[in-house]
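Mind docking chain B on chain A? Use the hints.
From first to last, the protein sequence lines stand for chains A and B.
Residue numbers are given in numbering that gives the first Met the number 0: position 248 of the first sequence equals residue 247, and the series is strictly consecutive.
Residue numbers are given in numbering that gives the first Met the number 0: position 200 of the second sequence equals residue 199, and the series is strictly consecutive.
Everything labelled a hint here was simulated from the structure, so no lab data went into it.
Fair warning: this is a prediction, and the values are worked out from it, not measured in the lab.
Please note: incorrect hints may appear among the correct ones.
Same chains, same label: a pair holds when it works inside one copy or across any pair of copies.
The calculated SDA-like cross-link candidates involving lysine to any residue, where the alpha carbons are at most 20 angstroms apart (straight line), are [unchecked claim]:
(1) Lys196 / Glu220
(2) Lys151 / Lys196
(3) Lys224 / Leu148
(4) Lys196 / Arg143
(5) Lys196 / Glu137
(6) Lys216 / Gly203
(7) Lys216 / Asp193
(8) Lys216 / Gly204
(9) Lys98 / Glu237
(10) Lys124 / His17
(11) Lys98 / Glu67
(12) Lys196 / Ala40
(13) Lys151 / Gly207
(14) Lys151 / Val121
(15) Lys124 / Gly108
(16) Lys124 / Pro61
(17) Lys234 / Leu255
(18) Lys196 / Ile95
(19) Lys98 / Asp193
(20) Lys98 / Lys234
(21) Lys234 / Glu48
2 protein chains.
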Amino acid sequence: MRVGFIGLGIMGAPMAGHLRDAGHELFLYVRNRRPEGFEAATFCASPAEVAEGSDIVILMLPNTPEVEEVLFAEAGVAAGLSEGKILVDMSSISPIATKAFAARITELGCDYLDAPVSGGEVGAKEATLAIMVGGTAEAFERVRPLFDLMGKNVTHVGAAGDGQTAKVANQIVVGLTIGAVAEALVFAAKAGADPAKVREALMGGFAGSRILEVHGKRMLERTFKPGFRIELHQKDLENALSSARLLQMALPATALCQQLFNSCAAQGGAGWDHSALVRAIELVGRHEIA
Amino acid sequence: MRVGFIGLGIMGAPMAGHLRDAGHELFLYVRNRRPEGFEAATFCASPAEVAEGSDIVILMLPNTPEVEEVLFAEAGVAAGLSEGKILVDMSSISPIATKAFAARITELGCDYLDAPVSGGEVGAKEATLAIMVGGTAEAFERVRPLFDLMGKNVTHVGAAGDGQTAKVANQIVVGLTIGAVAEALVFAAKAGADPAKVREALMGGFAGSRILEVHGKRMLERTFKPGFRIELHQKDLENALSSARLLQMALPATALCQQLFNSCAAQGGAGWDHSALVRAIELVGRHEIA
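Just chain A, same shape as in the assembly (with noise of 0.2 angstroms):
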């Protein structure tokens, strides 16, 4: 199948890269240096360009306003679409803003399916990506196969939006869930109880979740290398509090969470994995839990 895509960074390359093993012919275009094992691809001069030599077009993009740019400028992918072609958002971006572009794009006789995805670094690597889709029944099917290089867990949530929806409800409860482990394994510690006895106490039962699993034990062992980087999350998040403020709802431990996630930037931790957002409830409670 001939495949545009459009953003090969540290997900994009590794993602692409399943495609063009599987023998996928693909449409790439760069602002700056071409990656490498992409020789065969070929490199076209716009957006455009990409959407007239591809039926389907992927986005794997920073944020709402790249994916923006690149659709609606001139010379963006809009420009070079035509009738029946698939644009396949893979990027974490505004719900909100998604329903917009997916309108814009089905006018021109299109189909959009927004599919952010869950996994990082790792999971683009090694094809074990999750994938939260949006759209019509009809592109899901047709462009499964190439998630299903991708990704493992590929699960069509509904239509356009639904996808980055989704994404948006999976990173509010991942990071509420890492600050619940982090109050509860520092407020164990400066009690005085071992935080590592606690954390064992509490796996298995009622409070028992991926994150107390992987992201306590990273509390616990202060390795905080990411991971998954805290200024990605305040990205989602942001998506999550910005959508909140269009749909005139209130997300107010969201938005707690966000300012921790802000505590750890202004430490210096915009880098860190999000686990380290325990450090921000260390430095209210001046105590460390290891």
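What follows is chain B alone, placed relative to chain A:
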């Protein structure tokens, strides 16, 4: 073994029943009506008499003030204790107060174990409680056969008070994770996605937890019959927050979670299952997930 048991409520009665069924000789004290099924037990005139008759005295009381009164009031347990006996407090109370109680009991030549439980009424009836124990290893080993009659997951966490600390940590994690799932699902619904589909997409991934599984389902199905009542979780978080003040540390997300439980209580929901925390988020967002 001669076992004293004070606090034969919803939790205590089935717990004491397991000890009775295993053939232990029970010494009980009740303020009002005698519970059914304990016709063979010795009912004492005071907590002090319970302590005089038994080798091990177990308490299962509502909160810190009740434990303090039963232990140290006139004709309290302390007045009847003598060297070599063991006091086992299975109530969920303040870890800070527990350390003071343990010091006073230890001065009498006795051992003190704090052994709060998790698992609720069902766990008490089915003898599947998780039991988190603080105190000396020797006392823990002596009481262990009794714990094994009442629970399944019995952990010796550390020294006196550490069992209560683990219980508080458990309730922090459970409460805040309920809040995480609540904000994520209400957000998903308000953004127009199907919250049931979003929950499915999140399960098995990094956002996965027992709470997402069990309480996420309750939120979707609106089954808020307890379960574990909000007013009990409020009590546990009050123990977290008052301990944090004494320890001079900050638990910002725990404090927020307590406010959300308070908001449920303001809606008449003190008796709802704690998963109904979602109703506080729905109220501030003016949107119900189902």
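Evaluated hints:
For the homomeric pair Lys196 and Glu220, the shortest alpha-carbon distance inside one copy (13 angstroms) is at most 20 angstroms, but the shortest distance between copies (35 angstroms) is not. For the homomeric pair Lys151 and Lys196, the shortest alpha-carbon distance between copies (17 angstroms) is at most 20 angstroms, but the shortest distance inside one copy (34 angstroms) is not. In this homomeric assembly, Lys224 and Leu148 never come within 20 angstroms of each other (Cα to Cα): the closest approach is 28 angstroms inside a single copy and 44 angstroms across copies. Proximity of Lys196 to Arg143 under the C-alpha cut-off of 20 angstroms is restricted to the inter-copy arrangement: shortest distance 18 angstroms between copies versus 44 angstroms within a copy.
Only between protomers do Lys196 and Glu137 lie at most 20 angstroms apart by alpha-carbon distance; the minimum there is 18 angstroms, versus 51 angstroms within a single protomer. In this homomeric assembly, Lys216 and Gly203 come within 20 angstroms of each other (Cα to Cα) both inside a single copy, at 15 angstroms, and across copies, at 19 angstroms. For a Cα distance limit of 20 angstroms, the shortest separation of Lys216 from Asp193 inside one copy, 13 angstroms, qualifies, whereas the shortest one across copies, 33 angstroms, does not. For the identical chains of this complex, Lys216 and Gly204 are neighbours both inside a copy (17 angstroms) and across copies (17 angstroms), given an alpha-carbon limit of 20 angstroms.
For the homomeric pair Lys98 and Glu237, the shortest alpha-carbon distance inside one copy (17 angstroms) is at most 20 angstroms, but the shortest distance between copies (43 angstroms) is not. For the identical chains of this complex, Lys124 and His17 are intra-copy neighbours only, at 8 angstroms inside a copy versus 54 angstroms across copies, given an alpha-carbon limit of 20 angstroms. In this homomeric assembly, Lys98 and Glu67 come within 20 angstroms of each other (Cα to Cα) only inside a single copy, at 12 angstroms, whereas the closest approach across copies is 59 angstroms. For the homomeric pair Lys196 and Ala40, neither the shortest alpha-carbon distance inside one copy (53 angstroms) nor that between copies (37 angstroms) is at most 20 angstroms.
Only between protomers do Lys151 and Gly207 lie at most 20 angstroms apart by alpha-carbon distance; the minimum there is 16 angstroms, versus 24 angstroms within a single protomer. Proximity of Lys151 and Val121 under a CA criterion of 20 angstroms is satisfied intra-copy only: 13 angstroms inside one chain copy versus 37 angstroms between copies. For the identical chains of this complex, Lys124 and Gly108 are neighbours neither inside a copy (33 angstroms) nor across copies (62 angstroms), given an alpha-carbon limit of 20 angstroms. Taking the closest pair of Cα atoms, Lys124 and Pro61 come within 20 angstroms of each other only inside a single copy of the chain (18 angstroms); across copies the shortest separation is 53 angstroms, beyond that limit.
Taking CA atoms no more than 20 angstroms apart as the test, Lys234 paired with Leu255 passes inside one copy only; the shortest distance there is 14 angstroms, against 23 angstroms between copies. In this assembly of identical chains, the alpha carbons of Lys196 and Ile95 lie at most 20 angstroms apart only when taken from different copies (18 angstroms versus 43 angstroms within one copy). Taking the closest pair of Cα atoms, Lys98 and Asp193 come within 20 angstroms of each other only across two copies (15 angstroms); inside a single copy the shortest separation is 48 angstroms, beyond that limit. For the identical chains of this complex, Lys98 and Lys234 are intra-copy neighbours only, at 19 angstroms inside a copy versus 43 angstroms across copies, given an alpha-carbon limit of 20 angstroms.
With identical chains, the CA atoms of Lys234 and Glu48 are never at most 20 angstroms apart, being 30 angstroms at best within one copy and 63 angstroms at best between copies.
Checked against the numbered hints above, the structure violates hints 3, 12, 15, 21; every other hint is satisfied.
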